[in-house]
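Top line first, the protein sequences correspond to chains A and B. According to our numbering, the first sequence is numbered sequentially starting from 1. According to our numbering, the second sequence is numbered sequentially starting from 1001.
It is worth saying that the hints were derived from the structure and are not from the lab. The reader is advised that the hints may include incorrect statements.
[Said to hold, decoys possible] Under the rule of at most 25 Å between Cα atoms (straight-line distance), these lysine-lysine pairs were calculated in the DSS-like manner:
id	chain 1	residue 1	chain 2	residue 2
1	A	Lys155	A	Lys183
2	A	Lys294	A	Lys281
3	A	Lys183	A	Lys75
4	A	Lys281	A	Lys208
5	A	Lys152	A	Lys75
6	A	Lys270	A	Lys208
7	A	Lys243	A	Lys75
8	A	Lys54	A	Lys322
9	A	Lys155	B	Lys1110
10	A	Lys183	A	Lys152
11	A	Lys279	A	Lys208
12	A	Lys152	B	Lys1110
13	A	Lys183	B	Lys1033
14	A	Lys152	B	Lys1033
15	A	Lys75	B	Lys1110
16	A	Lys270	A	Lys281
17	A	Lys54	B	Lys1100
18	A	Lys183	A	Lys243
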Amino acid sequence: MAKIEDRATRSKVAASGLNDDIGEEMRLRLFRSQVLLRQAEQRAFDLFLQNLVKGTSHLSLGQEAVAAGFGCAMKPGDLSFCTYRGHAHTLARGVPVEKVLGELMQRDNGLMRGKGGSMHLTSVEHGVMGSYAIIGAHLPIACGAAWRAQYKGHKDVSVCFFGDGTTNIGAFHESLNFAAVWKLPVIFVCENNLYMEYTPISDVTAVKHPAADRAAAYGLDRILIDGNDADAVYRSAMAAYEKARAGGGPSLIECLTYRYSGHSRADPAKYRPEGELEKWKERDPIKLYRERLKQFGIAESAVTAIETEVQRIVDAATEACKAAPMPSLDILTTDVYADGGFAWRN
Amino acid sequence: MAELTYRDAVARGIAQEMTRDPDVVFLGEDVGKAGGVFKATVGLYEQFGPLRVRDTPISEQAILGAAMGAAMTGLKPIAEIMFSDFFAVCFDYIANEFAKSRYMSNGQLKCPLVVRTGNGAGSRFGAQHSQSVENWCMMIPGLKVVAPSNPRDVIGLMAAAVRDPDPVIFFEHKSLYPTKGEVPDGEIVDRLGSAAIARPGKDATILALALMVPRALVAAERLKAEHGIDCEVVDVRSLVPLDTQTILGSVARTHRLFTVEENPRLCGWGAEIVSIVADEAFYDLDGPPVRITTPHIPLPAADILEDIALPTADRIVERVRRSMQA
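Chain A on its own, in the form it takes in the complex (with noise of 0.2 Å):
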């Protein structure tokens, strides 16, 4: 539990560094982001319970406020490389919530037309370049994206979300070396929900923030933030991407969260000491942010309006993808190769 400690000294700081330097425009934006990834997911697990969402599913409820917070840091042309638990980053995209469900409920109208199911979601239109069930995968393709922008002079970034498991991986350090040498435009963000799937990171890590701690060896900068924080998330974001587009090179952030379900669909988690989640759960990023919406005089009729309105979007959405037909089975023989199909041989 040390780390929650850590974090609710952290919260103390952020919340008396209030200032206005986030605006309660881009406020409102961040907190109806997380109202949609929120409801959008939990959407998804009742669609799972009710065997319309096939497959597997690994939800990052709990884990809002960084896909937000990045999200709405963004600008239109940066790129995202997320991964297997991507539905948040994919949707803070702007990407439709009728795309992303109807690809878990592996419909015609879904963002892939269910060829590559709830762990691929790719938006290229909303800069949602691809994500990625291979653990670590993806940190390597963000560099390559990044290197294209250095190369080309191009002023876009290149972002990737992973979780605190990927910090043990070879293509973890293999990324950061070479986004480091190559002071690429690229920014490592590690979302340490304190487990890999069942075992907890703290186990089988030799440092205890798995990502910050190891940031000196990149000669990279330790940043470890509140990842329940949308504005602590924002502001680290920004300061990233402004760092990033100044020709700075690279960024690793790590942001401190928990996951409230388990690590997908066939996981009741638990694993988790008991209490450890509603602990957790009293600092929940949207009940958090709710407040701060109201320090800040924002009216509550504002505020429920937001909530309304998602919850619009969130059921006209679960209401056309019911409705949507299943793919067309020539589907399944189309786009492996560039010419449209899967011809090996003449």
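Fit chain B to the given chain A structure using the hints.
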């Protein structure tokens, strides 16, 4: 027309494409200032500069992942993995990432890149620096796989690979680097998915790839001179796409099929081709198809052992003769 080594053809092929298209970039271990451990990329760093020819750390996953990210977003990277054996440490990118991204994204993502690598035996390097692993890649949907046998094809197929919109695995044979061949002047652009009849013949078809092509040609000359057996040697060149028409056409003329494969026997590329011929040209055959391969073993380092592991001209001659005279 000039005589060029296979090694120099690699550099010329890359230079041809980098000159044509400023989006072609090249990365790998020791490829720049050092000119490559096989000296196959000498001069590129000097000609195209450090922004386009980039030395990397020994980080194969970062090399292939970075090539993929760059390809997805508009560049045309050529990545070198020094020895094809090292594919095993970055196989996620080859098998899971760039082969599948187009399909999984329903066509949203593209991955036009080339991975070139030193493949094959003959250098007495032992089991982890000598393998022929083209069959590892052939079985993965989404990849294209080529393996040139001569300097002209190195340039032409390199150009085709770089210009191709799909990920292409480009197998250079380490033992062919010092070999020479005639190469035309000017731009050379070939076509993926086309086999070449390296030697016409009427009695039997011998299919070969990379280093096995010159060995099959030597064997064919001896079979003709010593045994009166006139073999057609087909250089397969491209495993994916596979030019089955040329192969089936040759078998229809000769009625006999032999494959000469450097890969270990199980699931070698010849097995797939024999299966195609059995399916589609069974009644063209006058005898059972025969696969001549490296045995199902890791490769040894000692020269006398490595030499008997790989198919040799002697072994090809003996196996074809025995089969044809049975």
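Status of the hints after comparison with the structure:
1. A/Lys155 / A/Lys183: holds (14 Å)
2. A/Lys294 / A/Lys281: Distance of about 19 Å is within 25 Å: holds.
3. A/Lys183 / A/Lys75: Cα-Cα ~20 Å, so holds.
4. A/Lys281 / A/Lys208: holds (23 Å)
5. A/Lys152 / A/Lys75: Within the cut-off at roughly 18 Å; holds.
6. A/Lys270 / A/Lys208: holds (23 Å)
7. A/Lys243 / A/Lys75: Distance ~14 Å between A/Lys243 and A/Lys75 Cα, so the pair holds.
8. A/Lys54 / A/Lys322: holds (13 Å)
9. A/Lys155 / B/Lys1110: holds (21 Å)
10. A/Lys183 / A/Lys152: holds (14 Å)
11. A/Lys279 / A/Lys208: Holds, because 20 Å separates the two Cα atoms, which is no more than 25 Å.
12. A/Lys152 / B/Lys1110: Measuring from Cα to Cα gives roughly 18 Å; hence the hint holds.
13. A/Lys183 / B/Lys1033: Holds - the C-alpha atoms of B/Lys1033 and A/Lys183 are around 20 Å apart, at most 25 Å.
14. A/Lys152 / B/Lys1033: Distance of about 22 Å is within 25 Å: holds.
15. A/Lys75 / B/Lys1110: Holds, at roughly 23 Å.
16. A/Lys270 / A/Lys281: holds (17 Å)
17. A/Lys54 / B/Lys1100: Given that 25 Å is the threshold and the Cα spacing comes to 21 Å, the pair holds.
18. A/Lys183 / A/Lys243: Measuring from Cα to Cα gives roughly 11 Å; hence the hint holds.
The structure agrees with every numbered hint stated previously.
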